[in-house]
Amino acid sequence: MTRISRCVAVALACFFLQTSVQNTWAVEGLPDFTLMVEENSPAVVNISSERDQQDPPGRGSRDREAEEFFRRFFPPDQFPRPDAREPRSLGSGFIISKDGYILTNFHVVDQADTVKVRLSDRRELDAEIVGSDQRSDLALLKVKATNLPVVRLGKSESLKVGEWVLAIGSPFGFDYSVTAGIVSAKGRSLPTVRNENYVPFIQTDVAINPGNSGGPLFNLAGEVIGINSQIYSNSGGFMGVSFAIPIDVAMEVVQQLRSSGRVSRGWLGVVIQEVNRDLAESFGLDRPHGALVSKVLESGPAAKGGLMEGDIITAFNGKDIDRSAELPHYVGRVAAGSEARLDIVRNGERKMLNLKVGELTDESGETTTNNSDGSSRQNTIGLTVEGLDAATREQLGIEHGVRVVRSSGASANAGIIEGDIVLRLNNAVIASTADFDRAVSALPAGKSVPVLVQRGGGSVFLALRVPN
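Each residue of the sequence shown is one higher than the one before, counting from 1 in my numbering.
The set of hints was computed from the structure by calculation and includes no laboratory data.
A hint or two may mislead.
To be verified - Straight-line alpha carbon distances no greater than 30 Å define the calculated DSBU-like cross-link-like pairs of lysine-lysine that follow: (1) K116 x K160; (2) K144 x K186; (3) K319 x K351.
Said to hold, decoys possible - Beta-carbon label-pair distances, calculated as ranges: (4) S299 x N354: 42 to 52 Å; (5) K351 x W164: 37 to 47 Å; (6) G29 x G457: 54 to 64 Å; (7) G306 x N147: 53 to 63 Å; (8) D126 x N147: 35 to 45 Å; (9) S264 x I417: 32 to 42 Å; (10) S97 x A335: 41 to 51 Å; (11) S441 x D320: 35 to 45 Å.
Just so you know, these numbers come straight off a predicted model, no measurement behind them.
All residues carry an ideal CB built from backbone N, CA and C; glycine is no exception.
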């Protein structure tokens, strides 16, 4: 064999050896879930519930589960409507204590008159609802039993995107089905029908379907790091996007449910919005970040603590706020009555505020009161406005502002429309058309400025670029 032939042979041998090693690593590098499933399946339960009131003809218990499971993501006319069936499994859950405490989703047992739990050994036990919390979609159950198998709880805070996770549950009533995938994202915000957002969901690509609700999500160490709660779908079936409640959040809820049967959450009393690129420029930020305060509720904790409309909250108790949806996650987990530190940007300057956090209740809403003239004005930004009399302000529930009669040019480009109430312009409070004229005359040419408008009962900041 020539020297060249020997070199070629050695090179080919090295190539095949490297390929073989890589292929072996790819196979051996995949996780083996078998031991984890064997150890944890006994602590996973099947949950069914019944109501004394009869459903309309043709609508069975499985229909209720499907409707509730998808209700946040479908218009009413697109809810899945399975054929009527006999009562069967509505969801899953898992045992967190040997004396019979079980965690599941709120929507699995919502409005239930009786709840039954089926264990892996086929025992069926009646369950008591110790407490439930709709805002986090969690419910705590209790069965009369001892020495039950339990899951090990992990820390969702340490979970990393790309990490392998596994779910055990009863999709469509198929008990103890196992599915696996990876963590796709953390801290996802999914507002509820109340437009509230207090859970930083874990997003995964684990196959989750109706019946998985309330089941555990495990990491590779066999620890529960989440509770499967929702999917996002245009068809009614799993499409690669599912969401789980972080176990850290869940156990805070469990602790309160066990001690008092209810959940207390922190509340600031503000309406916030996202900061986009144009708003960031108009408020003098170097990049879009933070939660922009578009309204401060009268007599709320924020108002008492000195927070103002137009402030941008950039950190809460030392935790940076990159997107506005992160703020409710942090505030909701703070005990009512405790002191909180807010880092804000006001008129381009960084400040720090300390205020006492209030308690969120079902009645925690907007309370407003009511001052101006009635002439109209037109100006270089393409906005024609008119003043408001006291009766109109009282009817609208505002203290000040001018109504937009016509919007064109720069104002129309900013999204200002007829009927909007201009409350602030470039951080100046607008109490009359005279205030409005003064604010317009002081606008910097060629710059973006913030405009606070009220529309349809809510308020929002818009970025208006002043013409040169």
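To see whether the hints hold, each was checked on the structure:
Among the hinted pairs, K116 with K160 is inconsistent with the structure: their alpha-carbon atoms are about 35 Å apart, more than 30 Å. Among the hinted pairs, K144 with K186 is inconsistent with the structure: their alpha-carbon atoms are about 36 Å apart, more than 30 Å. For the suggested pair K319 and K351, the alpha carbons sit about 15 Å apart, so the restraint of at most 30 Å is met. Taking the beta carbon of each, S299 and N354 are about 18 Å apart, not inside 42 to 52 Å as hinted.
For the pair K351 and W164, the beta carbons lie near 44 Å from each other, so the given range of 37 to 47 Å is met. Roughly 55 Å separates the CB atoms of G29 and G457, a value that falls within the hinted 54 to 64 Å. The beta-carbon spacing between G306 and N147, approximately 55 Å, falls within the hinted interval of 53 to 63 Å. The hinted range of 35 to 45 Å is not satisfied by D126 and N147, whose Cβ atoms lie roughly 18 Å apart.
Separated by about 40 Å at the C-beta atoms, S264 and I417 satisfy the suggested range of 32 to 42 Å. The hinted range of 41 to 51 Å is not satisfied by S97 and A335, whose Cβ atoms lie roughly 24 Å apart. For the pair S441 and D320, the beta carbons lie near 38 Å from each other, so the given range of 35 to 45 Å is met.
Hints 1, 2, 4, 8, 10 from the list above are not met by this structure, while the remaining hints are.
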